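Participant: Start from the sequences and build out the full structure, keeping to the hints where you can.
For reference, the chains in residue letters:
2 protein chains.
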Amino acid sequence: MKIARTISEARAFINELRQQQEGSAAGRIVGFVPTMGYLHEGHASLLRRSRQESGISVLSIFVNPIQFGPNEDLDRYPRSEEADLQLAEREGVDVVFLPSVEEMYPEERRTTVTVTGVTERLCGASRPGHFDGVATVVSKLFNIIKPDKAFFGAKDAQQVAVLQKMVKDLNMDVDIVPCPIVREEDGLALSSRNAYLSEEQRREALVLSRSLREASIRIQTEDVTPQQIVDDVTQAIQTSPIAEIDYVEMLSFPDLAPIHPEHGLSELRASGGSAILALAVKFGSTRLIDNAIMKLKEAPLHV
Amino acid sequence: MKIARTISEARAFINELRQQQEGSAAGRIVGFVPTMGYLHEGHASLLRRSRQESGISVLSIFVNPIQFGPNEDLDRYPRSEEADLQLAEREGVDVVFLPSVEEMYPEERRTTVTVTGVTERLCGASRPGHFDGVATVVSKLFNIIKPDKAFFGAKDAQQVAVLQKMVKDLNMDVDIVPCPIVREEDGLALSSRNAYLSEEQRREALVLSRSLREASIRIQTEDVTPQQIVDDVTQAIQTSPIAEIDYVEMLSFPDLAPIHPEHGLSELRASGGSAILALAVKFGSTRLIDNAIMKLKEAPLHV
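Those protein sequences? They're chains S and E, same order as listed. FYI, the numbering for the first sequence is 1 to 303, going by this note's numbering. FYI, the numbering for the second sequence is 1 to 303, going by this note's numbering.
Note that these hints are calculated values from the structure, not bench results. In this text the structure is predicted, and so the values were computed from the model without any measurement. One or more hints might be untrue.
Just so you know, same-sequence chains aren't split out, so a pair can sit in one copy or run between any two.
Listed below are the simulated BS3-like cross-link pairs for lysine-lysine, each with C-alpha atoms no more than 30 Å apart in a straight line [said to hold, decoys possible]:
{"no.": "1", "residue 1": "K297", "residue 2": "K168"}
{"no.": "2", "residue 1": "K149", "residue 2": "K295"}
{"no.": "3", "residue 1": "K295", "residue 2": "K282"}
{"no.": "4", "residue 1": "K2", "residue 2": "K149"}
Facilitator: Written out as structure tokens, the structure is:
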């Protein structure tokens, strides 16, 4: 496994590996997993998928300052380079790209990639500028790594939607591959930010996955409206005395357009569309997100 | 010479040519000249440079609607596909990419590449949104063609500055190569928009190159201030009864930052810096631009 700390090293290592694979089209495929490090089993699942589908598997670890707001957790974002490198080695990564902030932003940055529409709701509304920072850094990473496929976790569902739209609009020659959310046995979605949680917060946070699971069942079995679902989930979360809701929303997926709250889901059901039920909730100063993406059955199943 | 009207054709043709050049690193270099067509000798000079420096020479012709303002000349922008293809053939182009608007913008576009700073003055100030449209379409074209070098005329000096900053900020793996302005024998800078000019306008427009030439001599031979130079050029242009000035500005180059109008050029001279004297002037409904970029001598030459 090679470790590149500069852009030119990363390019050189990947070019070398590509050249070694000359003659094998599959062997030359570059799979890429961009992360902010503090890797967990969710990241490991992305790396395994990248290893399976690519001849050259690349991981980047970069805590990207421009996707954090002024009052967010940039300064305390957890880091553990050594453990990350061990996990990468174990998952068969060929090249780890570990740039410094100075390497990525050496002079005053004037260029921003902006995606509108899909960024207007959910985290786009609560974290202004966040998705500009994500789209800009992912553009940079794609231009450095030149991957054929890039793997992202579905926990950041809006991020996936934003990047899919960006890639389509700008004709980037890369497949965005969303991968399923990985959860703890008790349901908590894996996140590097779970490290911030106290024991009590960790226990209370289970209300998120539980309420999403119950709502998913209700959507598939009853003729409910999005407003009823949002109300259910909101009430369930409010049973926790320490949960502070940022948003609970139900939207169509992947376009993240509003579904009329009182109209029921019949239109979406008829078109075989998908919906996302997404939430962001704070426990103390730690903001967690989770979601459920549902392909809607034509009529509710009566179980 | 291959003609690609779709993105997938363009990619396939270029990949094929790259594969034929396997083993020759120089032969695999892709040179790219993006244009809006109605090609003239200025474009031909870019294509010759591309032919000299690349194994594979690609031309695109696309009148990009998103870089035109609502009251600009998109609808009447001159086109002549047949003559363009003849010129391309003559200049040894390997692949011409000639997409339709639907091919480039098949669905509602939500992604924009924005460059601030260098876009604030000159044409960026008089044509709001213009450089967003340029940066976005050039990003798309770069992602489609994947050139190693891209050749642009220095007449659009601000465009060159914007694209150089974009490429640097987003780590695009392409060299932006600015090429000298090509002029008619009488000094008029070549432009597809010259086709709009009446005989009288064509004659009066000579004041632009003449005033730039005189100002360049004065800058290199006298200790003048930018304000004096701008006043000189403004007065010279105003001798034409039909010239309508949009802007005359003198800025540092390539950062396009203001030089204090009264401070003289001593600081720039001392640092061996460059300056640009740029103008945009309307003759009837036709807006022409021209500029002179000057590397400043340490002290004015007394000739």
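Participant: Now, for every hint given, state plainly whether the structure supports it.
Facilitator: Comparing the hints with the structure gives:
Within a single copy, K297 and K168 get their C-alpha atoms as close as 28 Å, which meets the 30 Å cut-off; across copies the closest is 48 Å, which misses it. Proximity of K149 to K295 under the C-alpha cut-off of 30 Å is restricted to the intra-copy arrangement: shortest distance 24 Å within a copy versus 45 Å between copies. Taking the shortest Cα distances, K295 and K282 sit within 30 Å of each other inside one copy (28 Å), while across copies they are farther apart (57 Å). Both within a single protomer and between protomers do K2 and K149 lie at most 30 Å apart by alpha-carbon distance, with minima of 20 Å and 29 Å respectively.
Going down the numbered hints, you'll see the structure goes against none, and every one checks out.
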